[in-house]
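Protein chains: 2
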Amino acid sequence: MPDAEIIAIGSELLTPQKIDTNSLYLTDQLNALGVEVVRKTVVGDERERLMDTILGAVARSQIIVLTGGLGPTEDDLTRDAVASALGRAMVFRQDICDQIEERFRRFQRKMVEINRRQAYIVDGAEVLTNDRGTAPGQWIEQNSTVLMLLPGPPNELKSMFEKECLPRLQRLLPPQVIHTLMLRVVGMPESDLDQLIAPVYLRYPNLATTILAVSGEIHIHLRARSADAAQAEALIAEVAAQIEPLIGDRIYSRNGDSLEKVVGDLLRARHAHLSVAESATAGLLGGRITAVPNSSDYFLGGFLAYSDRMKTKLLGVPPEMLIEHTAVSEPVAKAMAEGAKERTGSDYALSITGYAGPEGENVGLVFIGLATPHGSEARRVQFPGDRERVRAFSTNIALDLLRRNLSA
Amino acid sequence: MPDAEIIAIGSELLTPQKIDTNSLYLTDQLNALGVEVVRKTVVGDERERLMDTILGAVARSQIIVLTGGLGPTEDDLTRDAVASALGRAMVFRQDICDQIEERFRRFQRKMVEINRRQAYIVDGAEVLTNDRGTAPGQWIEQNSTVLMLLPGPPNELKSMFEKECLPRLQRLLPPQVIHTLMLRVVGMPESDLDQLIAPVYLRYPNLATTILAVSGEIHIHLRARSADAAQAEALIAEVAAQIEPLIGDRIYSRNGDSLEKVVGDLLRARHAHLSVAESATAGLLGGRITAVPNSSDYFLGGFLAYSDRMKTKLLGVPPEMLIEHTAVSEPVAKAMAEGAKERTGSDYALSITGYAGPEGENVGLVFIGLATPHGSEARRVQFPGDRERVRAFSTNIALDLLRRNLSA
Chain A
49 MPDAEIIAIG SELLTPQKID TNSLYLTDQL NALGVEVVRK TVVGDERERL MDTILGAVAR
109 SQIIVLTGGL GPTEDDLTRD AVASALGRAM VFRQDICDQI EERFRRFQRK MVEINRRQAY
169 IVDGAEVLTN DRGTAPGQWI EQNSTVLMLL PGPPNELKSM FEKECLPRLQ RLLPPQVIHT
229 LMLRVVGMPE SDLDQLIAPV YLRYPNLATT ILAVSGEIHI HLRARSADAA QAEALIAEVA
289 AQIEPLIGDR IYSRNGDSLE KVVGDLLRAR HAHLSVAESA TAGLLGGRIT AVPNSSDYFL
349 GGFLAYSDRM KTKLLGVPPE MLIEHTAVSE PVAKAMAEGA KERTGSDYAL SITGYAGPEG
409 ENVGLVFIGL ATPHGSEARR VQFPGDRERV RAFSTNIALD LLRRNLSA
Chain B
49 MPDAEIIAIG SELLTPQKID TNSLYLTDQL NALGVEVVRK TVVGDERERL MDTILGAVAR
109 SQIIVLTGGL GPTEDDLTRD AVASALGRAM VFRQDICDQI EERFRRFQRK MVEINRRQAY
169 IVDGAEVLTN DRGTAPGQWI EQNSTVLMLL PGPPNELKSM FEKECLPRLQ RLLPPQVIHT
229 LMLRVVGMPE SDLDQLIAPV YLRYPNLATT ILAVSGEIHI HLRARSADAA QAEALIAEVA
289 AQIEPLIGDR IYSRNGDSLE KVVGDLLRAR HAHLSVAESA TAGLLGGRIT AVPNSSDYFL
349 GGFLAYSDRM KTKLLGVPPE MLIEHTAVSE PVAKAMAEGA KERTGSDYAL SITGYAGPEG
409 ENVGLVFIGL ATPHGSEARR VQFPGDRERV RAFSTNIALD LLRRNLSA
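So the sequences go chain by chain: A and B. Number 239 in the numbering used here belongs to position 191 of the first sequence; there are no gaps in the numbering. Number 71 in the numbering used here belongs to position 23 of the second sequence; there are no gaps in the numbering.
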C-alpha cells in the first residue's frame, strides 16, 4: 500500500495564531483507505520553497495531497509551483473560466479579472469540481505518483475530497480493512507501561502501535490492516489477548470513553449518587464529572473547602484532627469524604486534599478519600510536576479509586 | 536575520486525532526575536524518514527546532537520527543519568533501565536542563546552523525554551528591540472588536497586530520592532492611545495577566474573601480561581449544587422559589450567591446556574449571581455553542461581573 504526505500551503499557517487542521480530516480519510500519512509539511506562499517542497515529495511519496494556494491572488502559487516542479506547462481552460463566471452571476456578482488565474490548470491534469467555491481542484498522475491540488477552506476541501478524490483513490488502491483496538489506562507511568507491553507489540511489526500520555492517563492504539476483515480482526484479538492481562484492571476503557464517563456509567447502573469534597483541586473534579452529558443522573454536588476553617464548617472535619494530622493527611481525606456523603445524602463521596504548590514543602503530596456505603478509605499519592499537573492528575486518581471500588 | 524551521517528531502527530501545537508557541517566541518560521514538518517515529528530514533542514535553514522523540522508549529516535544526520557519535553521560535517577528517587520511584537512553547526547551538544521532566534537551551548533532538540510535552518544552534556548538565541542573533502591547478583553465578540479597532491598526503597517479569541476572551497583541528602543516604544504608545479608549473598561489586563489573576489581586488588595455556588459549571469556576498560586489568600471555598435539592440543602434556596422561577432564573442565581456568602462567611460570592445542554430547550441560557457586602445582583446571558463552551464562557462572565464590581 502506498504512503501519503500532506503539504499545506499558506503563510498564515506559519503564524502563531493559525494551524493546519485540514490534515486531520485528510488523515482520517486516507487511513480508512489503508493509506498511512508519513509526513506533513507547512510552507508559506513563497515560490522557491514551495517548488523545493513539491520536488522532495514527488521523489519520496506516491500520494501527495496539497491544500491551499488555489485562490485568485498574487500569492496563490500552488498551480504554478506544481507545473514547474513537474516540468509541465500551464494551460488556460475557457470552460473553467465560464463556470467561474457563471458562479459569480448566480450570486449576483461580477467576476473580477484576477479570477481568470483560477482557470489555468497544469497540462494533463484532471479537473476536480468545486461545488462550494470558485477554485477548481486538480488531479495529476505522474509515473506512479498522484498529486491532488485541493482548496484550503475546509468546507470546499471536504466536499471535493469526498466527491472527486475518494472514488479515484478507491479505483487506484487495493481494497483494505482496518481493525483498531483502543485501550485507555490509568494509574501507571508511560515508561513503565511501555516496558511491560513492548515485548509483545514489537513481535508484530505489521501492527501499528501508538502509546500516548494524555494528562496523566495513557491511550494505547493498535491498528491492523489487511485485505481480509477476519484476518485483521484475528490479529488484533491475538495481540489483545497477550497485552490486556499484563495491564489488568488498570485498563478503564476499550472504546474511547473517558474515565469520568466510565465512572458515571458504573454509578448509573447501580442507581447510586456521588458527591465530592475538594480542597487542592477546588472544583476540577466536579467540573470533570459534569463534563459528561446527563451527569445529573448520578452527581448531586459537593463542597469546595479550600481553607482549614471551611473543612470544619462545610464538612465537619474536627479542628483537633486538622491540628494533629494537618489538612493533607489520611484522616482528613477520609473525614472530608464522609462529611460530603453525609451532608449531601449521596451513596459515594470522593475527596481531594493536597499540596499543589508551586511553593512550600511536600509539593505534589495528595490524599484522595473515598466514602462508600460500606466504609471509607484514603490513598496517599506523591506526584511530580507543577501545580497544574498535580491538580489534574489528582482527579485521575480520585476517579480511578471510585472506578475500582464500583467494579470490585 | 536567519529563518527558522520547526520539525515535530512523533507518529501520534500523524493520526487524525492529534496535532502539533508546540509550533504555535515556538513561532510566537521566534517571531519576538525577529526570526520568521518558514517551514514546519511533522514526521513519525521512523529512522530513515527522520534522518532525511533533518538532512534537508540542515541544508536549508540556520535555526532548526526539533520537538519530541526524546523519551525513553524504542520509538524515541530523535537523538540517534540527529547524530547520524550530522555524522556525530552518541555519548553516554553519567551525570545526566545520575540526575534522572535522582529525579525518580525524589518521587519515590525507581528508575527503569530504559531511562538510561535519555542520558545519551549527540557528541559536542550542550545539555539543556529539563526542570519539568526526565528528558534533557540538546543545543547543537554545526557550521552556521543551530539545532535545538526539545521535549514534546508542552509544559516541559516551554520551560526549557524560555530558560535555556532564549538566552542562547539572544546571544546569537543581532539585537532587536521589540515593544509589545498586550490587551486582554472580555465581554465582546471578536468580529465586533476587530471592526472597532481595525481602522486604527490598519494605518500602521509597520506594526504586527494579532487578535486572538481564547475561550470567550480576546487577546490583542501589538508588536513594534526596531533597532531603536525609544522608537518602538513611541509607536506602541501612539497606537495604544487610539485603541484603548475604543474598548474602554472591557480591557481587563495590559500585562498578560489572566482574568482570575486580576480578580484575585483586586480581592487581595481589599483584604476581601470570595466563595462560589456552582450549578451548571459544577466546579469549573472554583477550579479556575484556584489555578492562581496563593489564591487561598482570598478564596474560601464554596458549593456545587447540581440538583434542585442541593440548592436548597447546601445553599438554602427556598423550594417555593425553585418551583415558581425554576433553577435557571434571576432570583435563584441571587439566592445561591447569598447562600454561599452567608454559609462561608465570605465578603463576596459568585453563583452560576444555567442550561449547558447538549439537549433540551433554552440551551445556553445562564444566570450569574453576585452577592457583595452591599447587596446582590444577577445577570442573564444567552450563549451560543456547545456544552463545553457554555460552561467555560459562563466562568468568564462571572469573573468579569466581580471585576467590574470591585473596580467601580
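FYI, nobody ran anything at the bench for these hints, they're computed from the structure. Predicted model, so just to flag it, every value in this text is computed and none were measured. A portion of the hints provided could be inaccurate.
Pairs involving identical chains hold if they fit within one copy or between any two copies, as the list cannot separate such chains.
Result set (DSSO-like, lysine-lysine): computed pairs, CA atoms no more than 30 angstroms apart in a straight line [unchecked claim]: (1) 206 with 361; (2) 158 with 206; (3) 158 with 361; (4) 309 with 158; (5) 361 with 66; (6) 206 with 66; (7) 211 with 361; (8) 211 with 158; (9) 66 with 211.
Hint check:
With identical chains, the CA atoms of residue 206 and residue 361 are never at most 30 angstroms apart, being 45 angstroms at best within one copy and 41 angstroms at best between copies. When the C-alpha separation of residue 158 and residue 206 is checked against a cutoff of 30 angstroms, the pair qualifies only within one copy, where the shortest distance is 27 angstroms, while the shortest distance between copies is 49 angstroms. With identical chains, the CA atoms of residue 158 and residue 361 are never at most 30 angstroms apart, being 48 angstroms at best within one copy and 41 angstroms at best between copies. In this assembly of identical chains, the alpha carbons of residue 309 and residue 158 never lie at most 30 angstroms apart, being 38 angstroms within a copy and 33 angstroms across copies at closest.
In this assembly of identical chains, residue 361 and residue 66 lie within 30 angstroms of each other by CA distance neither inside one copy nor across copies; the values are 44 angstroms within and 45 angstroms between. Taking identical chains as interchangeable, the C-alpha atoms of residue 206 and residue 66 lie at most 30 angstroms apart whether they share a chain (19 angstroms) or sit on different chains (19 angstroms). For the homomeric pair residue 211 and residue 361, neither the shortest alpha-carbon distance inside one copy (50 angstroms) nor that between copies (43 angstroms) is at most 30 angstroms. In this homomeric assembly, residue 211 and residue 158 come within 30 angstroms of each other (Cα to Cα) only inside a single copy, at 28 angstroms, whereas the closest approach across copies is 55 angstroms.
For a Cα distance limit of 30 angstroms, the shortest separation of residue 66 from residue 211 qualifies both inside one copy, at 27 angstroms, and across copies, at 25 angstroms.
Hints 1, 3, 4, 5 and 7, counting from the list given before, are not met by this structure.
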